[in-house]
Amino acid sequence: MEQALLWFFALAALAGGALMLVLRHPMRVALALIASMLSLAGIYAMLGVHVIAVFQVLIYVGAVMVFMVYAIMLLDVRDPSFTRRYAGYLLPGIAGLAVLAWTFFHAIGNSQLEAGTPPATTAFDVQPFSAAFLNEFWLYFELTSVLLLAAVVAAIAILKARRGNHE
Amino acid sequence: MNNTQLLLSLSTVLFCLGLVGVIVRRNLLVMLMCMELMLNGVILSLVTLSQQAASTTGAVLVFLVFVVAAAEIAIAVPIVLLLARRKHTLDADAFSDLKG
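Chains as they are written, first to last, in our numbering: chain A, 6 to 172; chain B, 23 to 122.
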């Protein structure tokens with residue numbers, strides 16, 4: 006049962022990723038990406054890493070993709086990028102994909118990987134995660150907030166520059 | 023094929039699909055979303071391997087990568103808005119001013 010669910014989520018994530026290449030309108034691409042991310046969250050939950058599954062849904066789907074969908078709705082420009090899907094690099098891109106994927110699969114197939122361990126119930130619970138996060142990695146936590154602050158300041162600076170150019 | 027190989031193969035395929043999307047697609051926002059797909063593939067391999075090692079450090083690293091991705095999108099989308107305002111298009115081919 007668990008194995009079947011894992012395969013189901015893997016195939017759903019794969020289908021979402023493949024749809025991103027063929028769909029035309031950016032909103033549909035965004036929905037395919039959201040489906041793929043939710044399937045990945047399901048995979049994380051099945052692996053027993055519930056903290057990361059929750060983060061995946063909250064941060065990626067909840068914050069990043071909502072922002073992206075908002076930008077798509079803001080920029081409803083009718084231009085060639087909406088009707089012609091592909092740039093001029095279609096055939097070289099596909100050929101590069103084939104070579105890269107073959108290399109990776111060769112490496113994975115030849116590697117001596119252990120069979121998947123049963124879900125680690127202690128390491129990824131919320132309590133040990135937050136204890137380790139705030140005891141050992143508090144410096145990185147603070148640096149993260151500095152990074153987010155810098156991102157906010159940079160976004161405001163970009164918007165200010167746009168206004169300055171047009172007035 | 024055991025579970026680890028399945029998940030690592032999935033992360034490989036997602037990374038390759040995202041890379042091809044960045045190269046092949048024309049729309050700037052779609053290219054950004056394909057970059058997100060690449061990042062998701064890499065995070066999947068990170069989660070798989072750190073879950074095998076049962077290390078809390080891996081979880082913390084994944085969380086930090088999430089935050090960096092959020093910051094990246096917060097910068098990238100205003101830049102795309104700026105480009106679209108300037109050229110009235112999202113076509114990546116329109117922004118080849120630096121080509122000699």
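These aren't lab readings, by the way, just hints derived from the structure by calculation. Where a beta carbon is used, it is the ideal one built from N, C-alpha and C, also for glycine. One should not assume that every hint holds.
According to the in silico footprint, chain A covers these stretches of chain B (three or more CB under 8 Å from chain A) [to be verified]:
| id | stretch |
| --- | --- |
| 1 | 52 to 59 |
| 2 | 68 to 79 |
Every beta carbon over 10 Å from chain A, so not counted as near; a handful from chain B, in silico [to be verified]:
| id | residue |
| --- | --- |
| 3 | 89 |
| 4 | 115 |
| 5 | 121 |
Evaluation of the provided hints:
Evaluation of the coverage hint for the stretch 52 to 59 of chain B: fulfilled, as 6 residues show C-beta separations to chain A shorter than 8 Å, against a requirement of three. Only residues whose C-beta sits within less than 8 Å of a C-beta in chain A count toward coverage, and the stretch 68 to 79 of chain B has 8 of them, enough to reach three; the restraint holds. Residue-level check failed: residue 89(B) sits 5 Å from the nearest beta carbon of chain A, not beyond 10 Å. With 10 Å as the threshold on Cβ separation, the claim that residue 115(B) sits away from chain A is violated: the shortest Cβ distance comes to roughly 6 Å.
The Cβ of residue 121(B) lies farther than 10 Å from every Cβ of chain A, with a closest approach of about 13 Å, so its non-interface assignment holds.
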